[in-house]
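Visitor: Respectively, the protein sequence lines represent chains Y and U.
When you line the first sequence up against our numbering, it's residues 1 to 476, in that order.
When you line the second sequence up against our numbering, it's residues 477 to 1387, in that order.
Keep in mind that a hint or two might mislead.
Said to hold, decoys possible - Listed below are the simulated DSBU-like cross-link pairs for lysine-lysine, each with C-alpha atoms no more than 30 Å apart in a straight line: (1) Y:K47 x U:K1349; (2) U:K571 x Y:K91; (3) Y:K47 x U:K1118; (4) Y:K24 x U:K1325; (5) Y:K102 x U:K1325; (6) Y:K397 x Y:K458; (7) U:K1118 x Y:K12; (8) U:K1325 x Y:K145; (9) U:K1378 x Y:K9; (10) U:K500 x U:K712; (11) Y:K211 x U:K1364; (12) Y:K81 x U:K1155; (13) U:K1378 x Y:K102; (14) Y:K91 x U:K609; (15) Y:K24 x Y:K12; (16) Y:K81 x U:K1118; (17) U:K609 x U:K571; (18) U:K1378 x Y:K91; (19) Y:K81 x U:K571; (20) U:K1349 x Y:K203; (21) Y:K122 x U:K1386; (22) Y:K203 x U:K1364; (23) Y:K47 x U:K1364; (24) U:K1364 x Y:K337; (25) U:K1349 x Y:K24; (26) U:K1155 x U:K1118.
Claimed, not checked - Here are some chain Y residues pointing at chain U (derived, C-beta under 7 Å): (27) E107; (28) V144; (29) Q155; (30) S159; (31) V187; (32) R192; (33) S195.
The hints are simulated quantities; they were obtained by calculation from the structure and are not laboratory data.
Virtual Cβ for every residue (Gly too), placed ideally from N, Cα, C.
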Amino acid sequence: MKITEIDIKNFKAFCGTYHIDLDKAGKNLLVYGENGSGKSSLYLALKLFLESGVDMNSTDNKDSDFGSHRNIFTEDPGHIKVCLRAHQGSKMDAYEWSQRVKETDDELIIEASKAKGFLDYKDLLETHYLHRENEVVNVFGLLVKNLLANTISEQTERSLTEDWNDIQPPFPRRGATTQIAALEGRVVNFNRELSGRLAELQKQASEILRKFGYNVALDLNFQGITYNSDDKTLDNQEILLTVEFFDRDIPEHHRFLNEAKLSAIAITIYFSSILLQPTSTLRILALDDVLIGLDMSNRLPVLDILDEYFSDYQIFLTTYDKAWYEIVKQRTSHSGKWKAVEFYFQQTDEYEIPVYAENKAYLDKAREYLDANDYKACAIYLRTAFEVIIEEFCETKRLPVRYRQNRDKLDSQDFWDPIKVENQNSGFLDPPLIRDIELYRSRILNPLSHTTITNIPKKEIEDAIEAVDRLKMALQ
Amino acid sequence: MYTKNRSKSKNKPRTVDEIIDEIKERTTDGAYIFRGESQCYEKVSSNLYRELQAVKVKYTNINDVQAEIADAAKAYTNEDSAFEILTALQHYGGKTNLIDFTTNYKIALFFSCYGHPDKTGRVIILQKTEAVKKMLKYPQGSVKRAVDQDSVFIQPPDGFIEPDNENIINIPKDLKLLILEYLQEHTEREISPKTIYNDIHGFISSQNDYWMAYKEFYEGLSWKDEGDKAKVPEEKQRVYQKTIEHYTKALELDLQQPAIYNNRGNTYAAIGEIDQAINDLSKAIELKPDYANAYNNRGDAYSKKGKIAEAINDFNFAIQLQPELAEAYNNRGVAYREIDNLLKALNDYNTAIQLKPSFTEAYNNRGNVYRNTGDLPRAFNDYNTAIRLKPDFAGAYNNRGVAYGIKGQVDKAIKDFNKAIELNPTFADAYCNRGNAYLLKGDLDKAIEDYSKSIKHAPKDAMSYSNRGVAYLRKGEFDKTIEDASAAIALDEKLSNAYYNRAEAGLHLKEWDKAKDDLMAAKKLGMDIIAAFHNAYKDVETFEKRKGFKVRDDVALMLTQRRRNRYPKTLKILDADGKPLESPNVVNLREQLHNTGTPLGKYLKAKPAFGINTAPTEAFVVDKATRSNLIAAHPSSADILKPFLHGRDLRRWHAEPQGKWLIFAHRGIAINEYPAILKYLEKHKDALSKRAGKQAWYELQASCSDPDRFAQPKLVCPNLYEHQTFAVDTTGFYCGNTAYLIPTEETWLCGLLNSRVVEWFYSQVSNQLTIDYLRARSGYMQQIPVPDITSTQKALIGQFVEYLIYLQQQPTTNSNDLAHARDAIMLRYFERIIDGMIYESYLPDELYKGRKHFFQPLLDEQLPQFEEIQGDKMSAFRDIFEHLHERKHPVAVNLFFLDSVKSVRIIQGKL
């Protein structure tokens, strides 16, 4: 069972309708997107869509209410629609989640949600703050509050987070023996559950970790938390991570557990926790920016791990690292199992809006919007087209682009100027084209121009599209 | 640190209850004696000492002086003993070196409050240390008052004692009357001037300046009592007026006490003078801003005035000031019900009952809420409790009658209304309800008679008029219907029923315009006129046929059904937020389960029941050593010593007996054949003889008619439990009445009864004691549906029950040591497997839709019977567990995804 199409309208950052086609086979999706470009909204869209089926009546799960995620810049209702096919030849089933319709309380979706793997960079942030002492790291918080939070307890049939919340303050008052005994009972259950899980995990995780080329074994030592009824504290919140080396040759082995490796270990543990659970019919694994914390040398093995262990999952991989995106795109292009897409974001006078078009057909999109008389959207796509063209040209020609500390601050001027300089040497752009581009760059291709765009005659916008098209041909 | 805090709080006690609690703490072991003083002297001294101080005599030994006095007094009495003479002297106010103490703290409290209303009183608490014991004198014999006051005396060597501050509790002057009132009303034995100064000398000596005022106050209190008891309204009114007069006199005598205002306010409320009541109660609150009771009473008065917001505000204050004030919760519940917030009302009644388990009003009120929500079993339960606790509770009979009416048991309803009317002959509601019942039965004349009586006692009740109109309508006296309906509308212009009734009469009289207007009015007020008409005549055509004339077209159209299925079956009860009180998911699932298979009561061949009442347990239940001794003393003892189980010994699947034995001295036992036992029981003869019932002193109180049922295989569970806790017993344990027994050989039923489905169902249908505890009750237990499954399936469940019985007994499955965590998880996993099979038994269609099977994959495994497992059983079980637990095993997969099934989510509380 795979997702073949995703249709998102007016959800979070998505203003308007976005359609992602994953082919009838239901390909994996590789997403490049700048920060704020809608990449994380896509991750959330998938996650919340899957989770929206349960807890319909519970008031504390606001997430299952589509209304709370609507794009705030539009009054129009939104939706997320996902199409599924059991395999390429079978018929397609569509599921909708919107304020009006909720088809996600289907067993298929609920089960997919329970068994899904969704990890984002925030889950790994804690690896930066871990306290290392004598090669021992306490990963209790990382595991309990992040990586294992959604695993299901064998005893209570609830998530570890729910079990954890059940032993949080307010604690019973001193002398309330019944309540203290009940709390201690829950603590014992929690300990049993966690220690059982860790025993399985360290075996599986060690195996996966070897794919990174480390001949090591993980040890996750957990002695059980205890409730101290005198001080009213939960003591021994410790899972001590140590690494046993089979290969004495690992250099600087006392500094093995640096942040990058901890990230790798954390991802490994997360993968293991997914692999130890039963699998659902629809299997989704989504990783939002999580490989960023890894050294480049450790990122590629992750692709192998995904290949080997998650070949029956549909994978959604997002990143804001363009270089890494290109590498993955290249690495996965032969398998035919991946689709690569890019998100950009554009600033309008009122708001930021993600821009997405498959195969960079931004100009086509611009024409579509112009035909629909939506000048604003047209201008956004036109500008994106323009920027992508000149940026790519600068990159392929390795033109010296002005250095800005924050890459996001680069604007079209920064790319256009070196092209003009280069043009004085090679003359690949004719002067009328340069003149047109300069003209429209200030009138239409400028982020600050949209307030007046509605006053610009349609003919002029058509000409601007024409000019950018000519530029595209000339720079190819 | 700890003691310091305590003494701090001691200096500043705030409420009556706090003071009483504080003193009560010291009374538990009888190691203290108490003295109350209505004003604070410098020292705790004898009157002789004070006398001597006043004339500044410096005597070396005060007791010598006392001895001289006693000697001198001898001439005037027949008493020989010096101490008796001193007691008498003390009694009549003579000068002695005795200081009055009492062993009853309440009496000390009385003295601390009685007198000197303008001064702080105090209670002195004295621990009976060795030093104190030396000074202690007990009164001997004859003086009645000394006995009634539980008197003891301290005879101090120096004429005074100086207890440290820790042991002195000050009584603020404004609490004095409150405490006196408390002592009179809330103690098992009345403590008041009447009982304390129970002879003429007492009366005389207790007179003081304030006596008259006090007297008025006490007079008021006792009149109020009488008024509460009075049944005839006129009499009640008269007595309450008297009460008010006395309180007013007390106030005029300048006894400006909050308690008096509070009491007078209450009395005003009782005679319907609500504004006066609110005035007085406000005054009480002004004088004593932390007066929880006054807030509560004023809230009640506001309630009666219809000012619900103010009322709730006052109840909140009362509860804040005194969180255990059950009355305030009950009253707030009434207020919430008034504004249709049934959930909050229910909560409040629950709390009230929890705080005060004998609170009849709260039961009655809670019953009404349950009745409103359609939960009749719980409603009946509450009314029955109320009636049991207070057999002359007319209101509860009336309400139970209404519940019977809803159930369709009209005769039972009438019986209850009769009783209510017998208890309160002016009970208008009960007349009106009985009228409704007669109307239902078709006894129109009796109905009309009752409605008329109801109108007589409550002339402003529109409903009785309207209903009488219905009765006339049925009789065909349409003019009278119109008359009554019009009267009802005049009293309550929003009474849709009355408009409708008048319209129906209009139809019969062919007054089309008037009928149409009335129909419109009824409809506008929210009445489903089509349904009402349908219930009476089926449809317009039938009506026309019966009457022999046509209904005017426009009117006929108003009464014609346009869409189908528009008759609402039951009224949906909404909470304040507009949500249905119970989710339809829950209601439907409960109904679905209810209709599955056979009820347990029918399924079983023998009746379930509780165990034996073993009280007094220390006599009938003996340990192993005692048993050996009894058998050694006489071999016959062995015949009636039975292995014994307590409710608290029960675990899931398997009991953990504590090695106790029951002396099964059933009714009619030939006790002389068991001489050793008889001799043993004689030691407890006192306690045994005190029991109620007709048994001989050596017999068990209500031993069951059929002792054999203990010897048979059975399932046992505690009478009170958090989660379903049935254990299998095949060894013939005898059980105490804290255990509930289901005689059966079918062990699989243990799996069924311990399942999550049954726990959910049981908590739905039974009367939950609190949020946390369930109670075994035959009435509910027998409703548990037993699903129709094959004997193979039953055997498979039974097989897992056998596994669990074994596992439950293994130390590693219950150990907190994480080294054994896996074993604990195994036990739980096997329980979940049983849960899975039970879900499949109840909800096969729903599970199969998502291709979730448990029986089949488990049968495919051909798991060994428990007896077939050879060698190390634990290791065999671990193998079975790890196999069934593999992540791709269908059982593991189906268990993991079980909560994607909607009903399962409802049961797990996730929907």
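Visitor: If a hint holds in the structure, say so; if it does not, say that too.
Guide: Now for the hints, and whether the structure bears them out:
1. Y:K47 x U:K1349: violated (45 Å)
2. U:K571 x Y:K91: violated (110 Å)
3. Y:K47 x U:K1118: violated (62 Å)
4. Y:K24 x U:K1325: holds (26 Å)
5. Y:K102 x U:K1325: holds (20 Å)
6. Y:K397 x Y:K458: Status violated; Cα separation ~34 Å.
7. U:K1118 x Y:K12: violated (72 Å)
8. U:K1325 x Y:K145: Distance of about 35 Å is beyond 30 Å: violated.
9. U:K1378 x Y:K9: Between U:K1378 and Y:K9 the Cα gap is close to 29 Å, so the pair holds against 30 Å.
10. U:K500 x U:K712: At roughly 37 Å apart (the allowed maximum being 30 Å), U:K712 and U:K500 break the hint.
11. Y:K211 x U:K1364: holds (24 Å)
12. Y:K81 x U:K1155: violated (84 Å)
13. U:K1378 x Y:K102: At roughly 15 Å apart (the allowed maximum being 30 Å), Y:K102 and U:K1378 satisfy the hint.
14. Y:K91 x U:K609: violated (97 Å)
15. Y:K24 x Y:K12: holds (27 Å)
16. Y:K81 x U:K1118: Judged against 30 Å, a Cα distance of about 69 Å means the pair is violated.
17. U:K609 x U:K571: Roughly 22 Å between the alpha carbons, so the hint for U:K609 and U:K571 holds.
18. U:K1378 x Y:K91: holds (26 Å)
19. Y:K81 x U:K571: Status violated; Cα separation ~99 Å.
20. U:K1349 x Y:K203: holds (27 Å)
21. Y:K122 x U:K1386: holds (27 Å)
22. Y:K203 x U:K1364: holds (18 Å)
23. Y:K47 x U:K1364: Within the cut-off at roughly 24 Å; holds.
24. U:K1364 x Y:K337: It holds: about 25 Å lies between the C-alpha atoms, which stays within 30 Å.
25. U:K1349 x Y:K24: Violated. U:K1349 to Y:K24 sits at ~52 Å, over the 30 Å cutoff.
26. U:K1155 x U:K1118: holds (18 Å)
27. E107: holds (4 Å)
28. V144: violated (15 Å)
29. Q155: Holds - the Cβ of Y:Q155 comes within 7 Å of chain U, reaching about 5 Å at its closest.
30. S159: Given a least distance of 11 Å, the restraint on Y:S159 is violated.
31. V187: Since chain U brings no Cβ nearer than about 9 Å to Y:V187, farther than 7 Å, the hint is violated.
32. R192: Check passed: Cβ of Y:R192 comes within 4 Å of chain U, closer than 7 Å.
33. S195: Where the cut-off is 7 Å and the nearest Cβ of chain U is about 5 Å from Y:S195, the hint holds.
In this structure, the earlier hints numbered 1, 2, 3, 6, 7, 8, 10, 12, 14, 16, 19, 25, 28, 30, 31 are contradicted, and the remaining ones agree with it.
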